[in-house]
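Engineer: The lines below spell out each chain.
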Amino acid sequence: MSAHGIERLVYMANQIARHLVLERDPVSAVADHIIAFWTPAMRDQLIKHGATGLDLIAAKALEQAHRHDVNLISLARKDQFLERCHEC
Amino acid sequence: MGYEPQSDLGTPEVANVNVVRCRIDGRDLTVPEGTSVMRAAALAGGSIPKLCASDNLKQFGSCRMCLVEIDGVRGTPASCTTLVSDGMNVHTQTPLLQKLRRGVMELYISDHPLDCLTCSANNDCELQDTAAQVGLRDVRYGYDGANHLGAPVDSSNPYFDFDPSKCIACSRCVRACDEVQGSFALTIAGRGFGSSVSAGLASEDFLSSECVSCGACVQACPTATLQEKSVKDIGKPERVVVTTCAYCGVGCTFRAEMRGEQLVRMVPWKGGKANRGHSCVKGRFAWGYAHHQERITHPMIRDSIDQPWREVSWEEALIFAASRINSIRETYGRNALGGITSSRCTNEETFLVQKLVRAGFGTNNVDTCARVCHSPTGYGLKTTFGTSAGTQDFDSVEESDVILVIGANPTDGHPVFASRMKRRLRQGAKLIVIDPRRTDLVRSPHITADYHLPLRPGTNVAVLTAMAHVIVTEGLANEDFILARCEWEEYQHWAEFVAHERHSPEHLSAVCGVDPEVIRNAARLYATGGNGAIYYGLGVTEHSQGSSTVMAIANLAMATGNVGRRGVGVNPLRGQNNVQGACDMGSFPHELSGYRHVSDATARALFENAWDVRIDPEPGLRIPNMLDAAVEGTFKMIYIQGEDILQSDPDTQHVAAGLAAMDCVIVHDLFLNETANYAHIFLPGSTFLEKNGTFTNAERRIQRVRKVMEPLNGYEDWQVTQALARAIGLDWDYTHPSEIMEEIAWLTPSFAGVSYERLEADGSLQWPVDAAAPDGTPIMHVDGFVRGKGRFVVTDYVPTDERTGPRFPLLLTTGRILSQYNVGAQTRRTANTVWHPEDVLEIHPMDAENRGLKTGDWVRLASRSGETTLRAQVTDRVAPGVVYTTFHHPVSQANVVTTDYSDWATNCPEYKVTAVQVSASNGLTEWQEDYASRTRTSRRVMHSDSAAELEG
Chain A
-4 MSAHGIERLV YMANQIARHL VLERDPVSAV ADHIIAFWTP AMRDQLIKHG ATGLDLIAAK
56 ALEQAHRHDV NLISLARKDQ FLERCHEC
Chain B
20 MGYEPQSDLG TPEVANVNVV RCRIDGRDLT VPEGTSVMRA AALAGGSIPK LCASDNLKQF
80 GSCRMCLVEI DGVRGTPASC TTLVSDGMNV HTQTPLLQKL RRGVMELYIS DHPLDCLTCS
140 ANNDCELQDT AAQVGLRDVR YGYDGANHLG APVDSSNPYF DFDPSKCIAC SRCVRACDEV
200 QGSFALTIAG RGFGSSVSAG LASEDFLSSE CVSCGACVQA CPTATLQEKS VKDIGKPERV
260 VVTTCAYCGV GCTFRAEMRG EQLVRMVPWK GGKANRGHSC VKGRFAWGYA HHQERITHPM
320 IRDSIDQPWR EVSWEEALIF AASRINSIRE TYGRNALGGI TSSRCTNEET FLVQKLVRAG
380 FGTNNVDTCA RVCHSPTGYG LKTTFGTSAG TQDFDSVEES DVILVIGANP TDGHPVFASR
440 MKRRLRQGAK LIVIDPRRTD LVRSPHITAD YHLPLRPGTN VAVLTAMAHV IVTEGLANED
500 FILARCEWEE YQHWAEFVAH ERHSPEHLSA VCGVDPEVIR NAARLYATGG NGAIYYGLGV
560 TEHSQGSSTV MAIANLAMAT GNVGRRGVGV NPLRGQNNVQ GACDMGSFPH ELSGYRHVSD
620 ATARALFENA WDVRIDPEPG LRIPNMLDAA VEGTFKMIYI QGEDILQSDP DTQHVAAGLA
680 AMDCVIVHDL FLNETANYAH IFLPGSTFLE KNGTFTNAER RIQRVRKVME PLNGYEDWQV
740 TQALARAIGL DWDYTHPSEI MEEIAWLTPS FAGVSYERLE ADGSLQWPVD AAAPDGTPIM
800 HVDGFVRGKG RFVVTDYVPT DERTGPRFPL LLTTGRILSQ YNVGAQTRRT ANTVWHPEDV
860 LEIHPMDAEN RGLKTGDWVR LASRSGETTL RAQVTDRVAP GVVYTTFHHP VSQANVVTTD
920 YSDWATNCPE YKVTAVQVSA SNGLTEWQED YASRTRTSRR VMHSDSAAEL EG
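Protein chains in written order, with the working numbering: chain A, -4 to 83; chain B, 20 to 971.
Keep in mind that the hints were calculated from the coordinates and are not lab data.
Hints may be right or wrong, so weigh each one.
One-sided and incomplete, this derived list gives chain B residues near chain A with beta-carbon spacing under 8 Å [unchecked claim]: (1) S567; (2) H609; (3) E637; (4) P638; (5) L640; (6) N644; (7) E651; (8) D815; (9) W923.
Note that beta-carbon positions come from the ideal geometry of N, C-alpha and C, so glycine has one too.
Work the whole structure out from these sequences, hints included.
Structural biologist: This is the structure:
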């Protein structure tokens, strides 16, 4: 393979999808796996890259992981906001 | 403690709930039925003279020293072969016995050199002790008769000598080789007076024989006939420290027998619950690296990797390191930093390294060498059973009826456990071996596998799924167990999947290359043969489907009800001494100690409160991701303790590129390893002999590592990590590893009951040690799985993307050999190189002939990743189309050839499947020559006292 950077991430996502395709909810299984084991920077890199080269399940899982990350970010912002309010 | 030989009760312990009562020398006692008179007398505090008896060997009754008198019994029976019966009245010391014993002893001594004062066993010799015991004062026969005194000494073995002139033909060595080691390498040749111990044929010496140098014969010898050369060189030990071996995951405990600060010998400790008094050539003898001239004992630094190293003080090295770490963190952020913990280091040391990374660097970018070996075990067993560990203790194998070994070569990789497994097989247990190679277990003295499934590399899941198909479709599944213990719906989903015709052995045979009838028979045997135990190794995990294979194994065990009692289970044979411990200690980037995900707010809060820092709730980078990020320019600094990723990790050239791209590489190790070629800071490490701590072996057994000598570099490894932590501003103040263990126990539920006090009192503890199991847990999942109900996971066979083709028509698989260990950093610096001076390429005769190759020829081994050269060994141990090599020597660099394909779930590299071509070669490749040159340049050192001269 000798792929690195974004090529490797695309390969990894597709590989995970291939192995979780028989799960009852493969998209969620792939998304959960990526959230559990990939750093936010890796996820972010793949999200910025988009669905090019991704299998259907991997692409949908990426969207799901992205929604998770967005929620987390908004929660974190909310926490920060509340913290600032508390400090005020 | 001072030096005392290990006690020897003469005959083995008998496990029997029925007891018998007897009287020995006027003392009444009760012993388990089946106990010998000799053992009973020893248990009562007596000591019947003996020469051929030892409590790790079966009774033999040959030496005639242990005679006793028993009321109502004619003659003077041997106490070793006479079992205690109810009401027996035994006399061990009578005038008749004294006379008989002296007479026998006279015969022994009449053919024994009288050189006690100059003998290396003087004052540590059972023959000498027994002569004293029986009151020998004279030898009436004289010493001039026919004798063996002129027999030549065999010094061929690098670690021990065989001096037949001192042999009393007690057969203890032969029996130890048979019964304890299971090699059957020794025999008594000749008859009567001509009887003598022989290592195979008369023309063979010990080195050229089948002897595997485990040392069992040396330990068994009651004289100086078989004796360690180190005892001859140094003298009798004067003190003993019990500690744990730092080689494989068996976790043998040894008596380090010392004279002053000098280690005289390592003798397996009978009290060790993992090894039960046995050892292998590595643990027993290969510890000389600890004093090897290439040990680095002073810190060294350099601004860039093209410069020579400069020896500096600890203070300067730490300030230099802290300055670089702080500067990189300020410039690139905390996620540009990371660390790697070592499975060779103690639990306490790995815990501190991950703590340094999480609490000091402020990132979860910590990983461990288990990434490249057993990370799929972590994923697979946690998913199916609920925790990342083997289910059994080693003793469990004694109750197995069917042993399934897949992707493991225990006689080479885990030899002490293999000896116990072989003993059980000789007792009649059945054996299934799933391995592309004909390993020693498939056929060796007194062992023949009932079924060998020589599958194509990369098709483990196909074979296991085919076995599952047979079990389900032939109604062999244990549905009572499944209903009670597992998630029934998940089982049904899995059963439906494996029952499909496309998963039949007949269908999958085309994929895996194994005769379908053999698969069917193996599956039937495993499902119906009684207690079925699965043992597996890196031949399972180091594949693109490593995690799937672990889960497929767990599925099989659950489907047949082979979990939760003695004799069964799923047993990962861990590669390095503390792989289990390193994983337990939170070395993975997504887990805190005790396998709790970093996103678990409750677990995280525990650490945050204890450490007074914020722990990142997101996983960090794995090793391959760190290297990728380094090449991309976002990962800048790494602290690597006790790990040589340049040699051990796949796709060497990519690893080198990653390391070269970093601004700060700190290597903390014993030697200037291959990774250190790319390092800026070298912190000298300490060996296992020089530190306190604990290791956790493959059976989850936590054992003490005790310092037997002062560290050559001045500090134990945990102290160095602490000094680095303090240099970057942390306020750690541990004064002893026991304090680190207290913190581990406080933060890790499965270690809650572990402390040094408990370990001293109990010898060892198997986690979980908690309120529910205060004395530890030898067998897991007894009443229920850790996750509640066992989970069946559908594991479809997905072929690896690594494919053979016209350019690369052969499949390379890699492994290890008995005498060498991992990347060879330790064993290459011992006399073990006599058995394995270089890595060789095993190739089938047909493939060799097609290429015009013969044994000893230089061959070029090429893959898509790179190429290397090494010598060929033509053998039918490998199947046609498959080649095999080891990775113990940096000059051959097998990992130049391996690819960066990896396990889908964990990124564990696919070492076991690489498409290659093999062709004749004239010698080293250009890359190898360049690498050797670069290594020479990189290892230049300006010593503090000669720096000026070098600079000039």
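Engineer: Interface hint check: P638 (chain B), Cβ to nearest Cβ on chain A, cutoff 8 Å. Holds or violated?
Structural biologist: holds (6 Å)
Engineer: Does S567 (chain B) meet its interface restraint, that is, does its C-beta lie within less than 8 Å of any C-beta in chain A?
Structural biologist: Where the cut-off is 8 Å and the nearest Cβ of chain A is about 6 Å from S567 (chain B), the hint holds.
Engineer: Tell me if the interface restraint on H609 (chain B) is satisfied: Cβ within less than 8 Å of some Cβ in chain A.
Structural biologist: For H609 (chain B), the interface hint holds, since the closest Cβ of chain A sits about 6 Å away, which is under 8 Å.
Engineer: With 8 Å as the cut and Cβ atoms as the points, is D815 (chain B) at the interface with chain A?
Structural biologist: With Cβ-Cβ at 6 Å, under 8 Å, it holds.
Engineer: Interface hint check: N644 (chain B), Cβ to nearest Cβ on chain A, cutoff 8 Å. Holds or violated?
Structural biologist: holds (7 Å)
Engineer: For the hint on L640 (chain B), just tell me whether its beta-carbon gets within less than 8 Å of chain A.
Structural biologist: Nearest chain A Cβ about 6 Å off; hint holds.
Engineer: Please check whether W923 (chain B) passes as an interface residue: C-beta within 8 Å of a C-beta belonging to chain A.
Structural biologist: For W923 (chain B), the interface hint holds, since the closest Cβ of chain A sits about 4 Å away, which is under 8 Å.
Engineer: Would the hint on E637 (chain B) stand, with a C-beta cut-off of 8 Å toward chain A?
Structural biologist: Constraint on E637 (chain B) satisfied, holds at 5 Å.
Engineer: Per the CB criterion, is E651 (chain B) less than 8 Å away from chain A?
Structural biologist: holds (6 Å)
Comparing the model with each earlier hint shows no violations; every hint is respected.
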